[in-house]
Amino acid sequence: MSLAAHSKFSPVLHLGQGLSWPARIAALVILGYLVVALTAPLWIPYDPFRIMIGPRLAPPSLQHLLGTDQVGRDVFSRVVWGSRPVLVLALVTTTLAVGIGTFIGILAAYWQGVFDLLVMRLTDVFVAIPPLIIALLVISALGNAPVVMISIVAFIYLIRTARILRAATLAIVTEDYVTAAVLRGDSTLSLIGVELLPNVLGTAMVEFAVRAGFVIVFIGALGFLGFGAAPPSPEWGVMINEGRGVILQSIWPVFGPAMAMAILVVALNVLTDGIARRLETGHQGETA
Amino acid sequence: MRRQIATQLALSVISLFLVSALVFWLVDKLPGDTAELVLGQNATEEAVAVLRERLRLDMPLSQRYGLWLGDMLRGDLGDSIVAGRPVIDVIGPRLANSFALALLALAIYVPVGLGLALVTAVNRGRPLDTGISLVVLIGMSVPEFVIAIFLMIGLAVVVPVFPPLALIDQASGFWDTIYMLMLPALSLCVVMTAYAIRLMRESLIQILDSDYVRMAELKGLPPRRVLLRHVLPSALGPALSVTATNVAYLIGSVVLVEMVFNFPGIGRQLIESLVYKDFPVVQAISLILCSIYILANLVAEMAILLLNPRLWSPT
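Chains as they are written, first to last, in this note's numbering: chain A, 269 to 556; chain B, 823 to 1137.
It is worth saying that the hints were derived from the structure and are not from the lab.
Ideal Cβ positions, reconstructed from N, Cα and C, are used throughout, including at glycine.
Be aware that one or more of the hints could be misleading.
As the list claims (entries may be wrong) - Computed footprint of chain A on chain B, listed as stretches where at least three residues anywhere in the stretch have a Cβ under 8 Å from a Cβ of chain A: (1) 911–922; (2) 951–965; (3) 978–988; (4) 1002–1011; (5) 1065–1075; (6) 1091–1100.
Said to hold, decoys possible - Restraint ranges, calculated between C-beta atoms of paired labels, are given here: (7) B/Tyr1034 - A/Met388: 54 to 64 Å; (8) B/Phe921 - A/Gln338: 53 to 63 Å; (9) B/Thr999 - A/Arg389: 40 to 50 Å; (10) B/Ile960 - A/Gly453: 20 to 30 Å; (11) B/Pro908 - A/Thr456: 55 to 65 Å; (12) A/Arg545 - B/Gln992: 45 to 55 Å; (13) A/Pro500 - B/Leu852: 53 to 63 Å; (14) B/Phe921 - A/Val395: 49 to 59 Å; (15) B/Gln830 - A/Gly286: 34 to 44 Å; (16) A/Pro414 - B/Ser1032: 49 to 59 Å; (17) A/Arg545 - B/Thr999: 24 to 34 Å; (18) A/Gly453 - B/Arg1036: 36 to 46 Å; (19) A/Gly300 - B/Ile827: 20 to 30 Å; (20) B/Gly937 - A/Asp454: 23 to 33 Å.
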């Protein structure tokens, strides 16, 4: 899991020099989330699942940094532990969506013809369906096992990524070096891997950052609606859903997870903006 | 031009058909035998058989789909399994509530969102623009249900200005209704406004930098006149397009925001009906929401096509 994350993010870190300072801070924040998720057992003062570890609905104190929830669980421990399901689900889903979407997009632009037409028309149709409705229906029909949720969310975003990567590839597929490789008789796979993919990698990276933000929000929303991760899980959407019922008695059970999610997605968006701007100026020069 | 419009229309119709088939098929796959579910474990075989026939559960899927689609197109949405009443009676009031909520959200969003977009474009690069852009970034990133939770914490719990739950059915009179709707409407507005500023800012800057606006300025027209007579008409297309896209966006967020505020709208009805496996209601609501979504996106595309003279290619 962490390896996949690294290989995806290392090219991003390479272009760190040109990033604006808000984007660098955002990158640090995201790195912080990843480190905390990986080393979660070191940070939690209490068992995140143990009930009545403190009084019910206690406000923040030195014993309970973010207070306790309605069954006396420590909110801080739960939020920290919750970074694991949130980040694992987001990384797996985004990697699937952007990986498959990129492959289909490049293939459509390279093969063109019937395959391209099929991909475009199919994506036209699926883009026209409201994502939340289709996800709710599919999860209701097939159950809320993580596999089902990851598959449907990945599918929703891969059709969008495929269209963007197709457009990016179309712009370079007529270049001389591609024609030369075709004439040389390179196989389709090596052509995609050696000539096409490296040249649209920037677009794919921006896509990954953009989609990761959407995926985190979407999976959180599913958890909040009761169609995502199952209740004892400290996934932040689930925590917000559970705490919503007692918000008039104490805001603390929802405050922690809501803050954790808000900071993460804002950081992701700032970083995405930074990367997009960096790639733009890097490739085309400053546009006035 | 005409071809593009025809293509868009055709695509929308095809999408709608596919959506209806998908909705029907998915709802059909929902676990559990509906007839047994409704009548309970102890139902007599006869009762189950009668209900199965009424729900057409004995027919093959494709035949049932055809009959169902025919009913839908005639406006017959069937009966709710849980309520035992026609679906239209169940979702009618809910639909009206959601409509009122969406209307209030749009009524706040149009002047605020589009006005702020103009402010950022005119003041681009200045601290005001940077400040608004920062808020926009937060509004765009943070999901609507989290924004709704923060608004509820801030304006209903810590500083109790608005009611925390939008129990609109207990509202007395017009202003009380608006008062109850305020927090959910504001939650929807934040995201729509952020999105509008982000998209409109670019196109407004393009218009402000265009030759004819420069020309009008150089002629010595007062800035207000330039804005009203030259900038705003050109901005109409993008503005309508962004607004239509926002209406499409409302489809998903209305479900979430209604759940936060316990608002008796169509979105919460969908979630409840999914939980209670009330298939006819789920089918009807999904189809209605998908239709609005497709229609709104069609309007967004059309607005760009029809209101931009440069795209009127001579055919």
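Results of checking the hints against the structure:
Using a Cβ-Cβ cut-off of 8 Å, 0 residues of the segment 911–922 of chain B lie near chain A, which falls short of the minimum of three, so the contact claim is violated. Counting residues of the segment 951–965 of chain B whose CB lies closer than 8 Å to any CB of chain A gives 6, which reaches the minimum of 3, so the coverage claim holds. Coverage of the segment 978–988 of chain B by chain A holds. Counting CB-CB distances below 8 Å, 3 residues qualify, and the rule asks for three or more. Residues of the segment 1002–1011 of chain B lying with their CB closer than 8 Å to a CB of chain A number 0, which falls below the three-residue condition for coverage.
Only residues whose beta carbon comes within less than 8 Å of a beta carbon in chain A count, and the segment 1065–1075 of chain B has 3; three or more means the coverage holds. Requiring three or more residues with a Cβ within less than 8 Å of a Cβ of chain A, the coverage given for the segment 1091–1100 of chain B holds, as 4 such residues are present. Taking 54 to 64 Å as the suggested C-beta distance range, the pair tyrosine 1034 of chain B and methionine 388 of chain A does not conform, at roughly 36 Å. Checked against the hint of 53 to 63 Å, the pair phenylalanine 921 of chain B and glutamine 338 of chain A fails, with Cβ atoms roughly 35 Å apart.
As the Cβ distance of threonine 999 of chain B to arginine 389 of chain A is approximately 45 Å, the hint placing it in 40 to 50 Å holds. Taking the beta carbon of each, isoleucine 960 of chain B and glycine 453 of chain A are about 53 Å apart, not inside 20 to 30 Å as hinted. About 56 Å separates the C-beta atoms of proline 908 of chain B and threonine 456 of chain A, a value consistent with the hinted range of 55 to 65 Å. Restraint check, arginine 545 of chain A to glutamine 992 of chain B: a C-beta distance of roughly 50 Å satisfies the suggested window 45 to 55 Å.
Between proline 500 of chain A and leucine 852 of chain B the Cβ separation comes to about 25 Å, which falls outside the hinted range of 53 to 63 Å. In this structure the hint that phenylalanine 921 of chain B and valine 395 of chain A lie 49 to 59 Å apart at CB is violated, the actual value being about 25 Å. Taking the beta carbon of each, glutamine 830 of chain B and glycine 286 of chain A are about 40 Å apart, inside 34 to 44 Å as hinted. For the pair proline 414 of chain A and serine 1032 of chain B, the supplied restraint of 49 to 59 Å holds, since their beta-carbon distance comes to about 51 Å.
The given range of 24 to 34 Å is broken by arginine 545 of chain A and threonine 999 of chain B, whose C-beta atoms sit roughly 45 Å from each other. Our hint of 36 to 46 Å for glycine 453 of chain A and arginine 1036 of chain B is violated, since their Cβ atoms are close to 54 Å apart. The given range of 20 to 30 Å is broken by glycine 300 of chain A and isoleucine 827 of chain B, whose C-beta atoms sit roughly 50 Å from each other. For glycine 937 of chain B paired with aspartate 454 of chain A, a C-beta distance near 55 Å fails the hint of 23 to 33 Å.
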